[in-house]
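Visitor: Start from the sequences, fold in the hints, and give me the full structure.
There are 2 protein chains.
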Amino acid sequence: MNCSGCLIGVSLGPGDPGLITRRAYEVLERRDAHWAYPVRKTKGSSFALEIVNRAGLNPPGPASPLVFPMTSEPLELAKAWQVAAQTLLPVLGGGRDVAFLVEGDASTYAAFGYLSKAVKALDATVVTQTIPGVSAYHAAAARLGTPLGDNDDAVAILPAAYGVAVLDRLLNDFDTLVLLKVKPLLDELIAWLRRRGLLRHARFVEKVGTPEERIVEDISVLEGEVVHYLSLLLVKNPARPRGRLIRGCRPKSFYHA
Amino acid sequence: MNCSGCLIGVSLGPGDPGLITRRAYEVLERRDAHWAYPVRKTKGSSFALEIVNRAGLNPPGPASPLVFPMTSEPLELAKAWQVAAQTLLPVLGGGRDVAFLVEGDASTYAAFGYLSKAVKALDATVVTQTIPGVSAYHAAAARLGTPLGDNDDAVAILPAAYGVAVLDRLLNDFDTLVLLKVKPLLDELIAWLRRRGLLRHARFVEKVGTPEERIVEDISVLEGEVVHYLSLLLVKNPARPRGRLIRGCRPKSFYHA
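Respectively, the protein sequence lines represent chains A and B. Residue numbers are given in our numbering: position 44 of the first sequence equals residue 52, and the series is strictly consecutive. Residue numbers are given in our numbering: position 117 of the second sequence equals residue 125, and the series is strictly consecutive.
Errors might be hidden in some of the hints.
Copies of one chain are not kept apart here, so a pair can be met inside one copy or by any two copies together.
[To be verified] As a list, the in silico BS3-like pairs of lysine-lysine whose alpha-carbon atoms are at most 30 Å apart:
| no. | residue 1 | residue 2 |
| --- | --- | --- |
| 1 | Lys-49 | Lys-87 |
| 2 | Lys-128 | Lys-215 |
| 3 | Lys-215 | Lys-125 |
| 4 | Lys-51 | Lys-215 |
Hints listed in this document are in silico derivations from the structure and should not be mistaken for laboratory results.
Guide: As structure tokens, this is what we get:
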């Protein structure tokens, strides 16, 4: 993992420092790497850095906070990735590995993917590596003691922003819905789940694994409340009628039936 | 995490011992816990135990291999959970914690969920805990350097056994499909992806993170091949037309438009 001038996406898990993997921790303990981490605005705090600090670790030297604004404007975002890439390029070019700290899993949250692309656009020879991590929804399922998916279950993970019409349609095909970024839509989601008789099969988890973690089993109490943006709903859909499954042990003719 | 007589689901990640979390490793280093792990038949090998052995760890004493047969027969399975629960009950009742070793993430693979239920059915006072882990699909995305989900992407995770008719329908709503247990259906899946122009957006990953890991970028070469059951397809669906997303920063009236 020490490759001189590599950009390493270091997944930290959702907040509990115990959920950092051994490989990630090893990179964080290195004193020869350069740390970078996302912030939303200049001099803003970094959730990723907080997780690492809770693990008792500090940067091996001056680190690079990289500003990734909370926007969906493609031009503004592209400019932010570009600036971030230009910040890291001299470090990478000098042969130092850069550890980019990412909350949750680096392949699930967009920042590291965009940063990698922007760096490679400036210098195609830079090698990037990703250390995968525990996602917030896996941690939430573990805290709830609920399977994310039982045997043969279908699981959908998507931002609530697609709206209840889309989510409602997905109940035909999925046993579990993990709804991310529920904050702006929570009241609509609760009304929809009530309508579909799924209220008691839904759980709300906020800032899982952090000292501020909150688990709500009766989500109807959240109506009208403004929740943290790091929150999700785990919705089980136990009454779904399932089609016939095609299993490995069936005769070959079955597949073409 | 030491609670005297607890049943702990210890997620180990998909195969690379570096992807074991610090919390899981801590439990595995304890010399006062009892280890249990799933095997498919009496005296069969355990993939979970292999991961731990690769991490250089050994059981603190005699361990319990628990037979969970590869079947979808509910009665046969229920009997296996029952036997497993009865094996562990005296250990738990004696005040020793049991570490149940699980490959991948304990909430994603069914074994730990069923075992917990079976144990609690025999003794409702037993406390269970789950340590979440890195899933195979997160590790696969990291190895491929592909985002599992970009910003606002919808991700579906399901066994290929639902068949191509269902999978095809999901292309309307999902940007990424993670297809598990592809072994019996691989040829059909390849034909379907070719038909839909998605062959070059699909990647095959087998036994991710293990010494036998195999990544196939041009999956058409797999036609006619019998692959390992620990394999998955990661399918990106870049041409999907997306509806309007409902974002937090829009005016309230937008939600009701």
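Visitor: Compare the structure with each hint and give your call.
Guide: Evaluated hints:
no.: 1; hint: Lys-49 to Lys-87; verdict: within (14 Å within a copy, 57 Å between copies)
no.: 2; hint: Lys-128 to Lys-215; verdict: between (33 Å within a copy, 28 Å between copies)
no.: 3; hint: Lys-215 to Lys-125; verdict: both (29 Å within a copy, 27 Å between copies)
no.: 4; hint: Lys-51 to Lys-215; verdict: within (22 Å within a copy, 42 Å between copies)
Consistency with the previously given hints is maintained throughout, with no hint failing.
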